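Participant: What follows is the residue order along each chain.
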Amino acid sequence: MTDSASHPSDDEASPHARRSLGDTLRWSFEFDQSSTLAGATFLTREIIPSARDPFDALIESGPTLHQLEELKNAYKLLRTSGSSAPERSLAARLYAATIATALVRHGAVISSQASATLARAFEELAADASMPERLRDIGALAADALRRAG
Amino acid sequence: MTQTNWELIHDAASGSSTAKRSLDAVMKRAWPAVYAYIRASGRRSEEATELTQAFLCDVFLARRLLDKADESRGRFRTLLLGAVRNHLADVHRRATAAIRKPKEGLIALDAHESPLGTASAASSSPERAFNTRYVAELIRSASDRLHRELEAEGMPETWEIFRVRVLHAAFQGEAPPYEAIAARLGLTKGACAVRLLIAKRRFATILMEELRATITDPADLSNEVTDLLSLLNAE
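Chains A and B are the protein sequences, given in the same order. When you number the first sequence by this note's numbering, it's gap-free, plus one each residue, and the end is 150. When you number the second sequence by this note's numbering, it's gap-free, plus one each residue, and the end is 1235.
Just chain B, with the same shape it has in the complex (with noise of 0.2 Å):
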């Protein structure tokens, strides 16, 4: 069973004797979307690396901000983007201050030149980034989850046929035929398909199980898929 963010997230902050352990699982959720946000925004990947890492460490553990979580505030997508968008802009705008402050004093910065904007109209582009990567992990956490359980059930046949015939072919390109796969294992082309159906439930529940546990409401499920598919689709 997947824990929620929130439950991680509570137990991170708890400090019992797991809450390492929640915090690690929490971090490692989120660093693929935050680097991502963070490389789209202009930061080479040396930098970047750097300031996810300082994301995390400033904003995850000093600012404590899994203490802070709200719950109410519905999806953990939401907080953590608004969290490292706001970071961005801060980081930006003390490096900014330290090389404008003259003699006299500090001035005020003008938003508009920030290449960040301000910390509610950051640029759509890491926005982008950063949801086609939590989607990605979100993917590939499930899909390797998938690949542990029926490799522990003794069906690799049916992980093989997942593989290739959904994830190659959505990912790397063409799929070999149908037949040619059915052939390589010694099956019919009906009991490949019959194969392919139970990997495809298996990987669905877990998908959309790892997805429950980023939100708050079971029901707001619908919503949130059809928001991440708006903004994959988004130009």
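Looking at chain A on its own, in the form it has when it is part of the complex (with noise of 0.2 Å):
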């Protein structure tokens, strides 16, 4: 497909067109407004579309271990790329909590990091006042999963 067909075409009348532009236009606005957490938001929203947001994801939804894997991925990588420090440090907060969540509810350890790292990952989690009651929860039930698997 040639980058033309991806653009709006020459039919903008139709309704469906103008409301295409008018999409565009809006989301654009309001990326351009974003928030720390929208950033966070919108990686879970395309991984689990029915998620309010990262804390719903991990805390409501009862992720499958595979939607927990493709949220620690993205996580992960918005912990480097976030636009903003605040951004970045979320990510990475929201990284441990859902590897946390993944040895909490499916008993699994979806990273390859030494336990003593992800240990003191899951005890700040579980520290953090910022974070939902629940969401520091699930960090103190990992952290000692993780000191009695030794």
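Derived by calculation from the structure, the hints in this document are not laboratory data. Computed from a predicted structure; not experimentally measured. Be careful, since some hints might not be right.
One side only, chain B facing chain A, incomplete, derived with CB under 10 Å [as the list claims (entries may be wrong)]: (1) 1128; (2) 1132; (3) 1185; (4) 1205; (5) 1208; (6) 1234.
Don't be surprised by glycine CBs; every beta carbon is placed ideally from N, CA and C.
Starting from the two chains in their separate frames, assemble the complex, guided by the hints.
Facilitator: Here you go:
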């Protein structure tokens, strides 16, 4: 397909075309003004469309192990490619929270990092007052699980 | 960095060494929306092309609209729309006068008989065509620039994901499943999503930059977006 085939066509007068133009303009404006959570929310909803935001995805939506692996990959990349330091910091926390959720909900370790590194990340998650309480609980449970596993 | 339309307009009118290039840039930005307005006013394509050329030559060049353009008037879109609306009404008035001019002298035009109405009360359909095309050209320009930038930065797969997931999905219909794109590009779904986020953010920044270039007061951006959305949604 050529690039021109992906551009707005010359038939912009149709209601569908005008709606598409309006949608593109609207989300562009919203992206331009977006908050720290917006990037992680966008990624989460690309992977779990029914989730409201990352917290909803991890706490409420009952994600499958495969979805958690996809979320982990996405948050891991956002840790380095986020548009601001707060966004990158949030992504790092969500990265740990996703691994913790997989461990607590599915009994699976979806990271190749050393146990000590994971335990530290889970403890930091559990201690982070900016995170929802139920996600902090998951962090604490995951840290416990790692300790028990020795 | 996108040069604002006002910067281009002032440069085009300045007679500087870059005036010709600036004039070309302004005309290029103006052409599609002007053509859409004229076409939607009932002209055939050949006639609309001629009238668009005439407008850009007569109004932008001969009448030196660029020279007179006043930043305090705010938005390039409304300046352009008003100018083409008046120009087309003038053209129609002259054509009608030539036909109707009786031997005993000129009679007054009856606005009710004009298919264009008066300059201040043009049909909503040409205006909608103008505004739709205006937004389409902003989006086309922003996506072209995003494509160039991502290719130059060695990120062709990021462009491909944006093209398929955003542009194709919005303007050509359903996009292929996410999994199919990820598999084709050898990426995980999460990695695709991150690249799409990067591309959408870049596109949004570019598009808003293009839009800011058409207004005088940056704080007016929200109002201009709201107005354009309202105009696009109008039936």
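Participant: Taking each numbered hint in turn, which are not upheld by the structure, reported in ascending numerical order?
Facilitator: 3
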